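Just so you know, the sequences run in chain order S and B.
Mind the numbering: the first sequence is residues 37 to 355 in the working numbering, read in order.
Mind the numbering: the second sequence is residues 111 to 462 in the working numbering, read in order.
Hints were generated in silico from the structure; no laboratory data involved.
Just to be clear, a hint being listed does not mean it is correct.
Pulled a few chain B residues facing chain S out of the computed Cβ check, cut under 7 Å [stated by the list, open to error]: (1) 173; (2) 213; (3) 260; (4) 261; (5) 432.
Owing to the predicted nature of the structure, the values given are computational and were not obtained by experimental measurement.
A virtual CB, placed ideally from N, CA and C, is assigned to each residue, including glycine.
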Amino acid sequence: MFQRTHAIARKFDLQGSVIYLGFIAIFLFFAVTLADDGFLTTRNLSNIVLQTAPATIMAIGLVFVLSAGEIDLSFGSIVAVAALSAAVVMQEHSMLLGILAGLGAGLAIGWLNGALVAYLRLPSFLVTLATMGLFAGVARSMTDLRSIPVISDVFTGFFGSGSLFGIPSLILWTLGAVIIGHLIYRETRFGAHVIATGDNPRAAQVSGIKVPRIRLAVLMVSGGCAGLAGLLYAGRLQAAKYTLGESDLMTVIAAVIVGGTALNGGKGSVVGALVGSLMMGMLNNGLILMGLSVSDQMIVRGLIILFAVAISLRGTSRA
Amino acid sequence: MSIRKMLYAASVASMLLGSAAYAQTVGPQGETATPSASITVPEDKVATLKEGKHRAALLWHDQSDFVNAVTAGATDEFTRLGIEVVATTSAGFDAAKQRSDIETALAKKPDIVLSLPLDPVTSAAAFEQAKSEGVKLVFLSNLPKDYKHPADYAAIVTDDLFQMGKQAADALAKVMGGKGTVGWIFHDADYYVTNQRDNAFKTTVEKDYPDMKIVAEQGISDPARAEEIANAMLLKNPDLGGIYVTWAGPAEGVLAALRANGNKTTKVVTLDLSEPVALDMVRGGNVTALVADEAYELGRAMAATGARALLGEETPPFIVAPAVTATADNVKEAWQQSLRVDAPKSVVEAGK
């Protein structure tokens with residue numbers, strides 16, 4: 037199916053659109069096979085978007101990092117630290133301070149990652165591998181493994197269960213982040229500099245781009261996005277826990293790669309990352325609704341991701 | 111009756127009450143336990159259930175032998191009652207994934223949900239939607255915060271945690287002739303399941319076996335450190351008669367320490383089934399007994415509880431499934447009784 041989709045994409049010069057065709061193919065497959073199982077209900081479809089909102093926001097941050105030729109493995113741990121920081125601060129102080137603490141924690145860890153990469157010239161893979169473990173430990177020790185409830189209805193409404201004009205707040209956050217991320221990536225000088233840095237750092241440096249500053253900035257963007265994802269998780273679960281974000285690393289990386297962002301820099305797509313993330317959520321959802329055992333769900337999901345990544349990488353390399 | 115006699119009677123009564131209170135598993139909110147065997151669906155109601163074409167979802171916290179056996183027990187009982195299992199999930203201990211799993215499974219409109227809430231705080235919001243849609247919730251071991259029985263959930267079902275610890279103490283006492291020194295390696299974390307089991311072992315040794323003394327106590331939070339902990343314990347107490355280990359994972363490390371010390375006399379008891387530990391037992395090594403829960407029966411009881419709730423029958427708030435002691439003599443039967451699968455080939459062959 038994917039081979040054929042790819043052929044069609046090439047014929048119509050739609051290599052960059054392979055992800056969208058793959059997404060539609062999977063959607064149609066589930067829509068037909070699970071027609072009687074509630075897949076197409078508005079609630080189920082909106083559930084998919086709600087459930088993937090934090091991962092989508094993390095994916096947007098990662099698009100910037102990968103496009104600049106770097107990687108961030110620590111965003112899962114940042115999610116937990118940010119969510120816990122916000123929840124702990126809100127126990128004693130105002131909601132606004134809680135939000136600032138959560139986002140601030142994300143940006144600060146992003147800055148630490150970025151400073152080590154940009155100014156000490158350490159590889160981002162090793163730096164963020166280390167900070168991933170470091171901040172997973174910090175998250176565990178912050179509250180001694182306890183979950184912290186978030187009781188502010190305003191906070192949980194704003195970041196989790198609320199809605200505006202009938203549209204759930206998590207969908208609005210997703211849309212807002214994708215639009216802003218896309219505009220920055222495609223329409224600003226910063227976005228162009230990120231891509232140029234990832235494509236060829238030496239050429240970028242020669243042409244006057246401050247490469248270290250770009251590296252610092254992309255890791256801060258990723259930290260900030262992870263911080264926001266932490267707030268969304270805390271709002272959705274009405275609590276924060278050290279395990280939040282822990283299992284998102286592989287899903288988010290897969291979503292971004294499937295969405296057409298090159299693993300070695302110089303190319304990316306924010307909208308593609310959104311579609312990749314929705315595809316991951318749709319797979320989880322559809323495979324559960326199919327009634328498969330947990331092991332079978334893992335096997336099928338792994339195979340589909342493998343296909344999607346292979347097709348997507350071939351598509352982007354020829355584009 | 112003289113005042114002295116009244117005081118004597120009162121003290122005897124309080125001792126009896128005290129021992130009755132300690133001698134059983136109590137629920138997370140102090141609920142009294144009901145044995146799982148008493149939870150059944152009346153035969154004359156099975157036809158009504160079958161006509162209802164009901165659906166159930168199994169939303170687990172993780173994947174393991176234990177979860178597989180609970181799933182098998184629940185699925186067999188649901189099948190017998192004509193209830194279709196429409197979704198099975200594993201959250202991999204991720205609270206956010208558990209919330210998503212619940213939302214996804216609700217699209218299939220289950221009437222019953224069996225689940226282990228990962229954490230009382232995060233799961234309170236996660237199960238809210240299922241609760242408000244009138245789904246019958248049967249919880250394994252944990253309870254979401256502020257949920258009330260029977261309005262919010264049908265029951266909590268768990269292992270008979272006290273019996274597991276007690277049976278481990280009884281098995282160790284039997285092999286030690288009721289006397290000698292004991293090392294107690296407990297789970298050093300605020301975790302309801304292991305805390306109850308560990309304390310039951312200690313309480314039983316202290317109350318029922320006056321000639322056995324716990325001379326060394328050591329907490330463990332990382333199973334990988336079991337070997338060094340056991341080494342330190344043996345260094346200080348080289349003539350330990352027995353060691354209790356909180357569960358089978360760290361018991362493997364304790365066995366490694368005993369073997370490295372050439373120690374063939376210290377007896378080991380632990381909880382849950384594990385192939386390497388059972389192998390040591392049937393080969394006549396240090397391990398004398400493994401105490402396991404009847405996971406299949408636990409799953410059956412969860413399914414039966416959900417079905418009873420659907421029928422509007424009464425369900426007790428806290429139900430416990432029995433424990434089984436596996437020794438070299440009954441390891442094959444115990445494995446079947448606990449997990450409803452054959453004992454591993456290596457264990458069966460070593461026991462021949």
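Worksheet item: Okay, which hints does this one fail, numbers in order?
Response: Per hint list: 3, 4, 5 violated.
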